[in-house]
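K.L.:
Model the placement of chain C on the given structure of chain G, informed by the hints.
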Amino acid sequence: MTMWGWVLFACAAAYALKLSGYLLPRSVLDQPFVPSLAGALTVGLLSSLVVSNTVSKGQAVVLDSRLFGLAAAALALKVKAPYIVVVLVGGLATAAGRWAGLP
Amino acid sequence: MPRLNLTPAVRSGLSISAAVGLYGISIGALGVAAGLSVAQTCALSLLMFTGGSQFAFVGVIAGGGTGASALAAATLLGLRNGVYAMQLEAMLRPSARLKPVFAHFTIDESMANATAQSEPDEQKRGFWTAGLGIYLAWNTFTLVGALAGDAMGDPARWGLDGAASAAFLGLLWPRLHGRDPIAIAVVCAAATILFIPLTPPGIPIIIAAAVAAGVWAVQQRTATQ
Numbered sequence: 001m002t003m004w005g006w007v008l009f010a011c012a013a014a015y016a017l018k019l020s021g022y023l024l025p026r027s028v029l030d031q032p033f034v035p036s037l038a039g040a041l042t043v044g045l046l047s048s049l050v051v052s053n054t055v056s057k058g059q060a061v062v063l064d065s066r067l068f069g070l071a072a073a074a075l076a077l078k079v080k081a082p083y084i085v086v087v088l089v090g091g092l093a094t095a096a097g098r099w100a101g102l103p
Numbered sequence: 001m002p003r004l005n006l007t008p009a010v011r012s013g014l015s016i017s018a019a020v021g022l023y024g025i026s027i028g029a030l031g032v033a034a035g036l037s038v039a040q041t042c043a044l045s046l047l048m049f050t051g052g053s054q055f056a057f058v059g060v061i062a063g064g065g066t067g068a069s070a071l072a073a074a075t076l077l078g079l080r081n082g083v084y085a086m087q088l089e090a091m092l093r094p095s096a097r098l099k100p101v102f103a104h105f106t107i108d109e110s111m112a113n114a115t116a117q118s119e120p121d122e123q124k125r126g127f128w129t130a131g132l133g134i135y136l137a138w139n140t141f142t143l144v145g146a147l148a149g150d151a152m153g154d155p156a157r158w159g160l161d162g163a164a165s166a167a168f169l170g171l172l173w174p175r176l177h178g179r180d181p182i183a184i185a186v187v188c189a190a191a192t193i194l195f196i197p198l199t200p201p202g203i204p205i206i207i208a209a210a211v212a213a214g215v216w217a218v219q220q221r222t223a224t225q
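As given, the protein sequences belong to chains G and C, one line each in that order. Each residue of the first sequence is one higher than the one before, starting from 1 at the first, in the working numbering. Each residue of the second sequence is one higher than the one before, starting from 1 at the first, in the working numbering.
Worth flagging that the hints you see were computed from the coordinates, not collected in a lab. These numbers were taken from a predicted model, which means no experiment stands behind them. Just to be clear, a hint being listed does not mean it is correct.
[Unchecked claim] Not everything, but these chain G residues come out facing chain C in the computed CB check (under 10 Å):
| # | residue |
| --- | --- |
| 1 | Gly5 |
| 2 | Phe9 |
| 3 | Ser47 |
| 4 | Ser52 |
Backbone N, C-alpha and C define an ideal beta-carbon position, used for all residues, glycine too.
Isolated chain G, as found in the complex (with noise of 0.2 Å):
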């Protein structure tokens, strides 16, 4: 197959993913434990998305300056800072690391 064969195989099945929970059946979801199973998944994804997203790189666990980038929102956070101002502390913070000459 051509390079182009698999790039749209590829986008093919990712879109078979994404789908593919859509297709559940609503007498499942009509269940009265969902909502409060659907919250306890977001909680637990979004709580794996911050960790994934700070440690990890590919299968290493790696410590650099995303810990100080997590670290000042976590503060910005306590303060109760807006989203948008979370997100340039997180961002400059981690930047400021980098440029101090840490990974």
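P.N.:
Structure of chain C alone, referenced to chain G:
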């Protein structure tokens, strides 16, 4: 004249779009460096539109891997989008006609920005602002990166990777009141760190979802006793 209503979900969606969209520069530059054409690199952003899978696909090709192994790596990383879709299906209840459209814009950030809101209309606004905003920015900057190549330098130097961590923390934070959600967050964070070295990228997030469901089940049982 209709006024753009800057609700919290719209604000956070736009902030995420700016930070994450700029990262498209790196997938553009890496795609061309790996030997893909500008059109193939842009096709990945337009049609695959899920950053992790795109980096995996390009990474395998850059390392001299075959198209088949690039496909496998990208697909493994895309599994979590299926979990997100279930979550969004439960919360947003899109009409049958719109499901194929929702599917395309189902990514880490749109799921996160939708599910972090508590009111149904805000959840929908959160999904679309992040989904469409990132789509526009991601594709624009993929093209810029593919054309400019390595001249742009590494976006990590500008701290964009740290901004992504901050963006997800900002969405998690308001949900951390009470013992139960904090327990779920801590256990899922620990499970993620544990499984990063043991499983391919993208899988620890799916494991964390399963762990969250497990902790939730224990909490439900304890609550009814």
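K.L.:
Against this structure, judge whether each hint is valid.
P.N.:
Results for each hint:
With a cut of 10 Å, the hint placing Gly5/G at the interface with chain C holds, because the nearest CB-to-CB distance is about 7 Å. This hint holds: Phe9/G has a C-beta 6 Å from the nearest C-beta of chain C, less than the 10 Å allowed. Taking 10 Å as the C-beta contact cut-off toward chain C, the hint placing Ser47/G at the interface holds, the least distance being around 4 Å. For Ser52/G, the interface hint holds, the least distance from its beta-carbon to any beta-carbon of chain C being 6 Å, beneath 10 Å.
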